[in-house]
Amino acid sequence: MSTVVNIERLGVSFATDAGAVKAVDDVSLKVERGEVLAIVGESGSGKTVTAKTILGLLPETATTNGAVILSNKAGTSESDVISLSKKQLRAVRGTDVAMVFQEPSSALNPVYTVGWQIIEGLRAHTSISTKDARAKAIEILGRVGIPDPEHRVDHYPHQFSGGQKQRIVIAMALVLDPGLIVADEPTTALDVTVQAEILDLLRRCRDEFGMGIVLITHNMGVVADLADRVAVMYQGKVVEEADAKTLFASPKADYTKALLAAVPYVGTGTASAIERAAKRPADWLEQAPVVEASGLEIVYPGRFGKPGFQAVGGVDFVIRPGEVLGLVGESGSGKTTIGRAIAGLTKVTGGSLRVLGHEMNGVREREFRPLRSRIGFVFQDPASSFNPLLTIAECVAEPLVIHGRASNPAAARKRVDELLEAVQLPKAYGDRYPHELSGGQRQRASLARSLALEPELLIADEPTSALDVSVQARVLELFAELQREFGFASLFISHDLAVVDILADRIAVLYRGSLVEEGTGAEVLGAPKDPYTQRLLASLPVPDPVAQAERREELRRLREAV
Amino acid sequence: MSTDTVIQPPRRRLRDRLPVVHQLRQSVGLQRGMLVAGLVLTGLFVLVAIFAPLIAPFGFAQLRDLEGPFGSQQPPSADHLFGTTVGGYDVLSRVLWGAQTALYVIVIAVILSLFAGVLLGLVSGYFGGWLDRVLVVVCDAIYAFPSLLLAIVMAIVISGGQSNLWGGVFAAAISITVVFIPQYFRVIRAETVRIKAEAYVESAKVLGASNGRVMFRHVLRNATRTLPLIFTLNASEAILTLAGLGFLGFGIEPTAAAEWGYDLNKALSDVSSGIWWTALYPGLAIVLVVLGITLVGESLNDLADPRLRGRRRVAQASGTVAETSVVPGGTLTAGPGGLGGLEDGESFDEHGIGVRS
Amino acid sequence: MRALLIIPTVFILVTLVFVLMRSTGDPITAKLGGQLPADQLAERIHAAGYDRPIIVQYLEYLGQIATGNFGTTLTDNRPVTEILVTYGAATLELAFYALIVAFVVGIPFGLIAAYFRDKGQDASLRVFAILCYATPVFFSGLLLKLVFSVWLGWLPVSGRASVGAQLQMELLPNKTGLYTIDAIMTGNPAVLGDVLAHAVLPAIALGLLTAGVFLRLVRTNVIGTLSTDYVDAARSRGVSEYRLVRKHAYRPALIPIITVIGLQIALLLGGAVLTETTFEWKGLGFMLSEYLQARDFVAVQGIVALLAVIVALTNFIVDIIAALIDPRVRY
Amino acid sequence: MTSASKNGRRSLVAVAGFSAAALAFAGCSAGQPADEASGSSITVGTTDKVTTLDPAGSYDNGSLAVQTQVFPYLLNTDYQSTDVVPDLAESAEFTSPTEYTVTLPEGLKWANGNDLTADDVKFSFDRQIAIADPNGASSLLYNLDSTEVVDDTTVVFHLKAENDQVFPLILTSFPGAIVDDEVFAADALTPDDEIVAANAFAGPYTITSYDFNTLISFKKNPEYKGLLAEAKTDTVNLKYYAESSNLKLDVQEGGIDVAYRSLSATDIDDLKGNDKVNVVEGPGGEIRYIVFNFDTQPYGAKTPEADPAKALAVRQAVADLIDRDELADQVYKGTYTPLYSYVPAGLAGAIEPLVEMYGDGSGAPDADKAAERLTAAGVTTPVELNLQYSNDHYGPSSADEYALIKDQLESTGLFTVNLQTTEWVQYSEDRTSDVYPAYQLGWFPDYSDADNYVTPFFLIENFLSNHYVNQEVNDLIIEQASTLDPAARTALIEEIQQKVAADLSTVPYLQGAQVAVTGTDVEGADQTLDASFKFRYAALSKG
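Protein sequences appear in the order of chains A, B, C and D.
Numbered by my numbering, the letters in the first sequence go through residues 1 to 562 in order.
Numbered by my numbering, the letters in the second sequence go through residues 1001 to 1357 in order.
Numbered by my numbering, the letters in the third sequence go through residues 2001 to 2331 in order.
Numbered by my numbering, the letters in the fourth sequence go through residues 3001 to 3543 in order.
The shape of chain A in the complex, shown without the other chains (with noise of 0.2 Å):
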């Protein structure tokens, strides 16, 4: 096989407001034909950048030094990307490597059909008449598996699911069939059914086409499931390179066995639920319930006579005084609509929606205000969730000073760095700017916020998802020694079963906006009764090549099945 890009002792530094960043240093990476590649590493490890380069789409401020050896789609000749003209440049772009981008539905132009989106790439390098242009577009279209391609060709982007807009993204690159594609965490912004799907294209491009694949990802289950080789990167360097399996049976560099053990892996989290539930007093069960939804019904109002959108129709559950509910679904399932409902942010508009002893459906704000001292709410975004103009000791005393438990931010300090030291944060840290810290600190603050009146009931929307997987374990861990210590109830929403898993006591999975399972993490992860949950635990990767391929099976032959 030969080698399709050698990228020898590569060097990338950034021009940034606070003096000159060196992002990659001295990588040497090698990808042959047909071989997978996958590039995995925390955010700001530089894989991203390692990639770019491939394609010499760096912005002006980069500059390299090193060298990207890029030989063309028929193995002839060879180039170095980083010493190429814009004009050399641009030949090889399509041509000899493609690229694909994380996010599809922005890697699209709304105002353009995809036909003539796709043609763009083949107008770029070949002189083909619109009318051959377009039938190849079609052809393309119908090999990545998009229904109908002839009718479609002419749709435009907003018309197409996120899962079908990345097949697009996929098609644009393969139109020239280059002999590289570079993904850049391809899946990463789908829901995991849907990212089941793309990985297997990406395999058939791997097999069919031959083609060398360079995957960007910080997910090890993906990894685990498409690659050959893996190259695990930190702070700009290769610490660690070695074919999947050995890679994940025996890993060698510290930092790799740091991030192995951090990853979640589904199913170990039930041993700790079962105990949990164990030393629950015996009357527990008749205890007042913290929420209680019977027949939940929210639908937002359309707009100008169009109708309204339905996101949850009819959802019964219970969370009880100190247990952790996870709630789990995929975009668009009305998990993040319930929780807003059950903080007051969002109408309840049918059934009935009783939050600590108060129905919430048509209720007023002045009622419902003193209540408000009783709930938490952590957010998912760690950098929109801190007003950037305050410290982060005046965010956190903000519920303190508007409940009255103290006149003014500087009266609550003492309290506040109680909280952050709750929290494993220094008090020092109460100085500073929320854009001084990182996400994971900034969550921790969130956290400490939400919990600064002690509530009964904290809700969790996917406070982790945004992070890295080392910062997600440990801030998991936090919340768990919080709940402990704090005994709050909790309702944790995420769109990971393996994180739910960790945390929940019970679980209740959401499928447009209708409950389809609940129970304990055992029976959930354990036996599935609802086909969606089977389908949902069967998409998810686990960090191991070969339990990965076993679960692979396994999920082509529910997909037969269904």
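Bear in mind the hints are in silico, worked out from the structure with no lab data behind them.
Honestly, I wouldn't trust all of these hints.
Cross-link-like lysine to aspartate or glutamate pairs, in silico, EDC-like; alpha carbons within 20 Å at most [stated by the list, open to error]:
(1) LYS1205/B with ASP381/A
(2) LYS1205/B with GLU359/A
(3) LYS52/A with GLU103/A
(4) LYS2175/C with ASP3193/D
(5) LYS252/A with GLU240/A
Following the hints, position chains B, C and D against chain A.
Frame of chain A, contents of chains B, C and D only:
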């Protein structure tokens, strides 16, 4: 294990926190050139405006000095560097004093429209509902409103027969204000709607903060980050509108204050008779000041928006390696002053006002 | 739907103007203040009913509007509809020529500035745009007149057509008021040449002012879309930088641009009082300032109502064009 | 990359193409845009505006300028003369103290062929009174009781007051135009387009094409049988301008032949030095004066320190200090001349009382005399004087004019002047409600006779309403209006001027000259610039 080492970020020196100085150090290449040029011109304008009484050789309405009257339409000479106008005033003094009048009008016009516009935009954006729709309709209606009519009404109602400096300045300022309020309203409303959906505002609501507290403590301060840009654009439009009103004869009475638009109007017939200096200097003054202010506004807009901001090309692969990259969220995105900027905010669109074209 | 907003917008404006006009004097004092003694003036004002309370006059005016009678102007005794047509035609023609210059100069140079971002051409184009925007139009108009007509003598000083040409156009039975069309109807190329020559300077003066706005608008928005993911994606497929600007970045950038261009057109159609005065182009803008000084209530209200309709209509048309460009709105 | 600059070049080419095409057209059009009408043609430019063609609906000079060319008047003044003689009429005299009989020649025709008879005359005056349009001049017919048609060619005007010497003059001005009773409506204004379409004209010219306030084209009227000599030019085009500087550039570049009314002082001064044009001047009827409000002026009747003697001393001091020559030269560059009396030079009975009574006796200012007057009257100096002027109604130079007056009064240390201005409409309302102690005013004559400069101003109930009451002057004015013998009437007018000059109800200081700028090949402008203040195109000829 990559533990979170405690890093003590440099306390941001006060010098860094001043708005323009901070941007100045950030800017690079051509953008720095434009910002510097803009600042020089604007600084000059403000200095001249403040020290006009000292710099100007004569009073703005002075017709004669010890040796007798200046005479009308005298060409530039030793004691009248810019010559004299048809009315016998010294052009140089009128230009210098004119800066003072222009500064008064800018400050008053912007202050009047700033508060009303921002508050209306905040409330309308935050509460939405029918109040929002009504205010939007009224704002659209204002665009078609002939600000000239308001200039006449204000000229009468305010000065009430007197045409002193303040009467004239307020008349011009108020007629400009009505057109500026919708501009502030639109931008702040869009920002409020955007910020209202941010997590930290929703968290404040969940915590049970009152609407007033949420609006003023959280939303307002973040929504007003784009104000320096709007302030500069309105300042330049204030001058152009004042000149327009002056041209149509509704400027400020010459013995009450020196006003460029008024002098330019008077100078039109001179120019067709070959007397160029009475028109050239006030015209140049208007153009240079508006150029200066707009350059500053445009550069501020570019610097606030990371996409538009150029960065120094770093020397060959230099710079400290991993230290800063430990901060997850990567080195490419973070930077002092946060991500912010106008990426998704409504790009500030231009509307001319009736009297300017 | 923004189209329905035409009615409330016009209604608000006309009411606002009505009250303000009535509170600042009356047409009789404006015309004969310097000729008639106070008592005779008061007598005539009373006869004309201007001294009645504003509410009464307002209801009477609404009654007239309801019956479609826009009334005749008070100072020159002509039906309001007639003045709207004659002066509206002049403004329409000036706006048409000015927009040609604005589009020909503004849009392409905006694209070039975006393409050569932060290089020499970009900075010089941006300063040029700011200069166009910063120079008062009567000052630039004056300089243009001095250079091109007085010193070089190529172009006429002012007005919409020379006397001879105007007379020929007067003879036409179906005179439209749009001199370009009338000139073509006369069949005499010299008349058309004369009308075009008269339009060059005002078009350039007003056109450059608007071009300055377009240029900055296009530049900012195209740069904005140039840094989006889909442009990066296209670049990764080997599409040339120049085509990226012209095709991939330009069309999506049009959506925000169209709304502002629509507003600029509405303002131009509302009449450019400064340009019209400088170049003797008697359009809506110039006449509005004349009628305002003469306190001709009926005429001012008629023109303002027309302005409001123009602004509302332009917003409506802009929505349609935006829908054409942006498929997300259409489906 | 090259393709990018190609796009840049393509747009540059587009811009160049557009202007080149326009220039090319301009080239060929700069010559003869249109074939010249048969016979000679003159183009006149002005910045006046027409209110309406219908004489019953207008009372301003812009409309009169057009009406004079196309409508017949019973009486008129010939070129360069001030005595009123029959024009359309054959004879006109008082047949009894209250009856003024006018006879018409036989067989008079309108340009459209309709007969012009006594019925047309009665119709014209009856409709003026019936319509009484707010913008019309019906108030001038205050003395007309009724109009009687004796036969086809004789009309008798029954007047209220006897021997009214003013009535014949009124027949020559605004309401005196005779209209065609078969075309005009009796009880409403007739739209301009209908009048032009019906060709209802009988003056020296008729209107062939009419673009309101833009361009009017006149054609010589073969049917004209009036006082003036036959029109020398077949076609006269009247072009309207918004901005005086455009009018100046057009006449300077030869775009138009004649420019008449409101060029700025700078324009005229510059054109005097230009050999391509002639600047022709004639006596002007417009006068400028300062009015004192006897109640609210310093030491006025209604002020706390009311003292008529001191008030008079203040007025006299102002009259002493105004330097008329400096105003005329520096601000108006000769387009206005110094005025030392209430009746402008050029009219019968005009004398210059202010020359001897104030200043240094020869018309120049005298600071010491003013100081003496004030100390004699016990007035503490400097006197605080609020002076008001209008910045838009009386032309662009008012501001410079009053800045100079303020400077003249203040430089002597006797006065501190607080100069104010307001927009015209508010100015007219405020001045009659005693808001301004002293203020600027101007006057355009309704008819060119001394009466029109005294009656409106110095009767007890007058146009100024400045509370100036002098019974003796009041009676003299009423008497002169009905004095048949011209010499006796002139003596009365001179006496009135002496008396008012002593009281100084107003201080006149400038008289506007009529100025016309013509191409070097145009004659006749000097002939029509006379005390009638009517610019009659019939006198103009070219080539």
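Tell me, which hint numbers fail for this structure? Of the numbered hints, all hold.
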